[in-house]
Each structure stands twice: as structure tokens, then as C-alpha cells.
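Chemist: Each chain, letter by letter, is given below.
There are 2 protein chains.
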Amino acid sequence: MDKKIAIVGAGNLATRVSLELHLNGVEIIQVYSRTVTSALTLARMLGCNYVTNPEKITPDADIYLISVSDLAFSGLLEKVNFNNKLLAHTAGSIPMSELAKYSQNYGVFYPLQTFSKYRDVNFSRIPFCIEGNTPENEQDLMELARVLSKDVRVITSEQRKQLHLAAVFASNFVNHMYSIASELVAEKGLPFDILNPLISETASKVKSMTPRAAQTGPAMRKDQNIIQEHLNMLSGKPRMKKLYSSISDHIFEYHKLPRQTN
Amino acid sequence: MDKKIAIVGAGNLATRVSLELHLNGVEIIQVYSRTVTSALTLARMLGCNYVTNPEKITPDADIYLISVSDLAFSGLLEKVNFNNKLLAHTAGSIPMSELAKYSQNYGVFYPLQTFSKYRDVNFSRIPFCIEGNTPENEQDLMELARVLSKDVRVITSEQRKQLHLAAVFASNFVNHMYSIASELVAEKGLPFDILNPLISETASKVKSMTPRAAQTGPAMRKDQNIIQEHLNMLSGKPRMKKLYSSISDHIFEYHKLPRQTN
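Taken in sequence, the protein lines are chains V and R. Just so you know, numbering that gives the first Met the number 0 puts 208 at position 209 of the first sequence, and the rest follows in order with no gaps. Just so you know, numbering that gives the first Met the number 0 puts 156 at position 157 of the second sequence, and the rest follows in order with no gaps.
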């Protein structure tokens with residue numbers, strides 16, 4: 000891969016993806032971030048220069064990877080002259096066509112994974128969802144993705160949007176369930192890691208069974224006594240109680256079980 | 000372990016725990032289940048006899064493991080003469096003291112894990128939460144648990160009840176999030192396993208960071224545009240939409256972010 004890359008953004012995803020590209024010998028020539036500290040930190044790790052003014056983004060890159068928050072997206076890009084180079088964003092929910100106004104060559108480079116700045120992650124199995132406005136641009140982005148992963152797919156904007164929504168449930172909301180569990184065990188002086196085998200097994204199960212078949216627990220068993228007891232235990236936490244109730248109701252509904260009345 | 004065990008129940012947990020005891024050389028002398036098929040299937044795998052009438056439960060066991068639904072619990076046990084042998088239930092939310100009326104020797108043998116009948120699970124790291132009404136009974140149950148796992152702990156009924164509630168969030172509700180994600184990807188012709196690396200990484204992250212620090216996603220980023228777009232995508236699924244909204248709100252609240260109004 001002899002293309003020169005500029006990284007626009009220095010958040011969780013931009014950091015992990017650019018470091019992994021760098022480790023695999025891809026040349027990163029510049030980092031942009033509006034925050035000096037973020038720009039500097041990432042640029043140092045990559046051994047390249049950085050800018051914090053979008054107007055100073057280099058014109059010399061072959062591919063620009065745009066990884067800024069969806070809110071900052073258009074405000075930022077309209078300030079840059081990309082000179083019709085290949086522009087790819089890394090966002091789940093932004094249609095590829097949004098990039099059309101900034102360059103004649105554009106596409107999407109979306110890794111379906113959760114990234115945190117300082118956590119290393121194994122890239123080799125991450126599905127990279129690629130889209131390009133021309134076969135050549137699609138090819139270039141697939142080639143770049145194959146440097147990082149064995150799982151590179153062409154995914155339409157519509158599919159990617161749905162994947163992003165699914166990922167919110169399968170990852171962001173899941174992690175929030177862990178947060179709640181962590182708070183609950185801490186209240187009784189128990190360490191969070193007592194839940195590790197349960198968390199691992201719950202995630203592993205759905206690799207060999209459907210989530211529908213893997214479902215267990217009081218809501219699945221229609222055990223209203225336990226559900227009621229759990230709601231009582233949460234009476235001092237009305238929002239958490241409401242959440243328990245909504246998700247349990249949704250499990251009933253999803254598994255088409257008749258609600259018990261008592 | 001030279002104690003003879005009777006298994007009262009033949010559900011997911013009873014099946015996996017008794018098979019694992021059997022594989023480790025513990026003598027299981029009888030299975031009770033009110034369903035002939037369940038009783039027979041499990042008894043065959045264990046090479047022991049079975050009964051479906053609680054009054055015929057053997058008086059010859061040293062330890063009775065009670066693993067029936069919380070609803071069936073008391074109705075069943077009052078029909079059995081346990082001859083003051085050691086009685087232990089495997090339930091998260093039933094206080095140990097509930098067993099006092101059925102024997103002078105009782106305790107709790109609660110593995111903190113999700114079990115499905117036909118899925119093998121690695122027992123060696125499952126936390127076994129043990130409680131006994133006397134030091135001797137506690138010891139006997141700890142000894143039995145140590146046959147299966149390296150992680151055997153004395154946990155009070157109050158702690159166990161809280162662990163069970165935490166486990167509902169960390170496992171049952173998590174699995175339901177997987178169910179929803181699975182439905183969403185299927186709608187766009189995508190295979191569920193495209194989410195595997197994301198699911199694995201989300202579960203692994205919280206082994207080295209707190210769930211609070213691991214949180215990512217639109218709700219965490221206060222990205223109201225994406226949240227609104229996701230809610231629009233769910234407009235044909237009002238219950239799922241409501242769930243998305245409740246969990247996102249709870250993430251805001253938990254991370255003490257001000258709600259944006261728009």
C-alpha cells in the first residue's frame with residue numbers, strides 16, 4: 000500500500016485505526032484535530048505532523064480518512080480543499096453521498112467495532128464496511144482495509160446505517176447494562192470481576208446459538224415473583240427500575256409469551 | 000467427594016451442573032422432574048434412576064440439589080421427606096432460610112452463570128456462591144463446588160440476591176440486546192455473525208477497563224442527530240423505539256451529561 004494517508008480527527012476510532020495502519024507500514028503524513036493535545040498526542044505516536052486549523056490540512060495525501068463526530072462533519076469539511084483526492088469517512092450513519100460536495104472521489108471506510116483510545120484491539124477479524132463512488136475508489140479503500148483485516152466487505156449506505164443501529168444495541172447498550180450491573184454489585188461490596196465468566200459466556204453463546212435460543216432469566220421464564228422482587232429492590236432507583244421493567248416487558252413480547260397478571 | 004447426590008429438577012442449570020458433577024466422578028443417584036421426558040433424558044445421561052412423583056424422591060442421598068423454578072419451589076419441597084439430610088438450592092433470589100422448614104441441614108449452591116441444556120460450558124472459573132446453615136454444611140457444599148470450579152465463595156443471601164439482579168442486567172438483558180440486533184441486521188440481509196467481533200470486544204473491554212470508561216456510542220457522545228435518526232428508523236417498531244429511547248436517556252443520566260434540547 001503506497002498511498003499517503005491524512006487522518007482528519009483524533010478520537011477513539013481515528014486513534015486506533017491510524018495507529019494500526021502505521022504499525023502495518025502505511026504512511027500517515029498528517030493528523031488534523033481541532034484540539035492541540037489530541038492532535039499532538041496522536042501525531043507523536045504516528046511520527047507525523049499535525050494541524051489544528053482545517054484550512055491547513057495538507058493537499059498532498061492520496062486518501063483522507065475523515066473520522067470526526069457526526070456533528071462536526073459538514074462544518075469542518077467545507078473549510079478544506081481536498082483537490083478531488085479520495086475522501087472516506089469512518090461513520091456508521093452518514094450516507095456516502097454526503098461526501099459528494101467535497102470531492103469527486105469519495106467513499107466509506109467503516110470498521111464495525113467499538114474503539115477506546117488507549118485500548119489495543121485485534122483488527123484481523125473486524126468487518127470493514129467499504130463503499131466507493133467508483134469501482135476504483137472502492138478498490139482503493141478495500142485494499143487499504145485489507146492491510147488491517149481479513150474481513151472486508153462492500154456494504155451499502157442503507158445496510159451500514161442499519162448495522163450501526165444494531166451495533167448500538169449489541170455494544171453501546173450492552174456496555175450500559177454492564178455499567179448498571181457494576182453499580183449493583185459494588186453496593187454489596189462485591190467486585191465487578193465476579194461477573195466476568197457470566198459476561199464472557201453470554202457473549203460466546205450467541206456464536207453457536209441464536210440469541211433467541213440463548214435467552215434465559217426471569218423474564219424468559221415468566222417468573223413474576225422474581226421480577227417483582229427485583230423491581231422492589233430497585234425502588235430507590237426509579238429510572239433503573241423503569242428500565243428493568245421496559246426490557247423485561249420487551250423480552251415477554253419478543254418471545255411472544257402471554258403477560259401474567261397478578 | 001464420596002457424598003451421594005440427588006438432583007431435584009431437570010432444567011438448564013440442573014442439567015449442566017449434574018452432568019459436570021457426573022463427569023468429575025461425583026455419584027448422582029437420582030433425578031426428579033415432574034416431566035417424564037426431562038427426567039428420563041437427564042437420568043440416562045447420568046446413568047441413574049429418575050422419579051416424577053416428589054413423594055418417591057429417594058431418602059438415600061447425602062445432598063439434595065434443588066434446582067426447580069422459583070414458582071414450583073415450596074409446593075414441591077413440602078411433599079418430600081428429606082430426613083434432615085443436607086438440602087441446597089441453586090437459585091439466585093431465594094434466601095437460604097426458606098429451606099429451614101424442610102430440613103435441619105440446608106444451604107445454597109449457586110453458580111453465577113447462564114446455562115442452556117445443550118450447551119457445554121467451562122465450569123472451572125464459574126463463581127460458586129455458597130452458604131450453609133452450619134459451618135459443616137457450608138464446608139460440604141464448598142467441597143462439592145470445588146469439584147467443579149476454582150472460584151468458590153461464601154456469599155450471603157442478601158449479596159446473592161443482588162448478584163442475581165446484576166446478572167439479569169449483565170446477561171439476560173444483554174442477550175436481549177443481541178436478539179434485537181440480530182433482528183435488525185437480518186432485515187437488511189446481513190448475517191448476525193458480522194457482529195461477532197463487536198460483541199466479543201464489548202465483553203472483553205470490561206475486563207480491563209470499567210464499564211463507565213468503556214462506554215462509547217451516540218448517547219455517550221450526546222449525538223442527538225444520530226439518536227434522532229435511529230428513532231426514525233425504529234418508527235415502525237414502537238416498543239423497540241421506546242426501549243432505544245429509555246436506554247439512551249439512562250446513559251445520559253448515568254454519565255451525568257446534560258440533555259440537549261432540539
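Fair warning: there could be bad hints in the mix.
All copies of an identical chain are treated as equivalent in the list; a pair is satisfied when it fits inside any one copy or across any two copies.
[Unchecked claim] Below, in silico cross-link-like pairs of lysine-lysine (BS3-like), each with a Cα-Cα straight-line distance of 25 angstroms or less:
#: 1; residue 1: Lys240; residue 2: Lys100
#: 2; residue 1: Lys116; residue 2: Lys255
#: 3; residue 1: Lys55; residue 2: Lys84
#: 4; residue 1: Lys221; residue 2: Lys240
These are calculated hints, taken from the structure and not from any lab test. Nothing here was measured: the structure is a model prediction, and the numbers come from that model.
Chemist: If a hint holds in the structure, say so; if it doesn't, say that too.
Modeler: Verification of the hints:
1. Lys240 x Lys100: Close neither inside one copy (47 angstroms) nor across copies (32 angstroms); limit 25 angstroms.
2. Lys116 x Lys255: Between copies only: 21 angstroms across chains, 41 angstroms inside a chain, cut-off 25 angstroms.
3. Lys55 x Lys84: within (16 angstroms within a copy, 80 angstroms between copies)
4. Lys221 x Lys240: For Lys221 and Lys240, both the intra-copy (18 angstroms) and inter-copy (23 angstroms) Cα distances are at most 25 angstroms.
When held up to the earlier numbered hints, the structure conflicts with hint 1 and nothing else.
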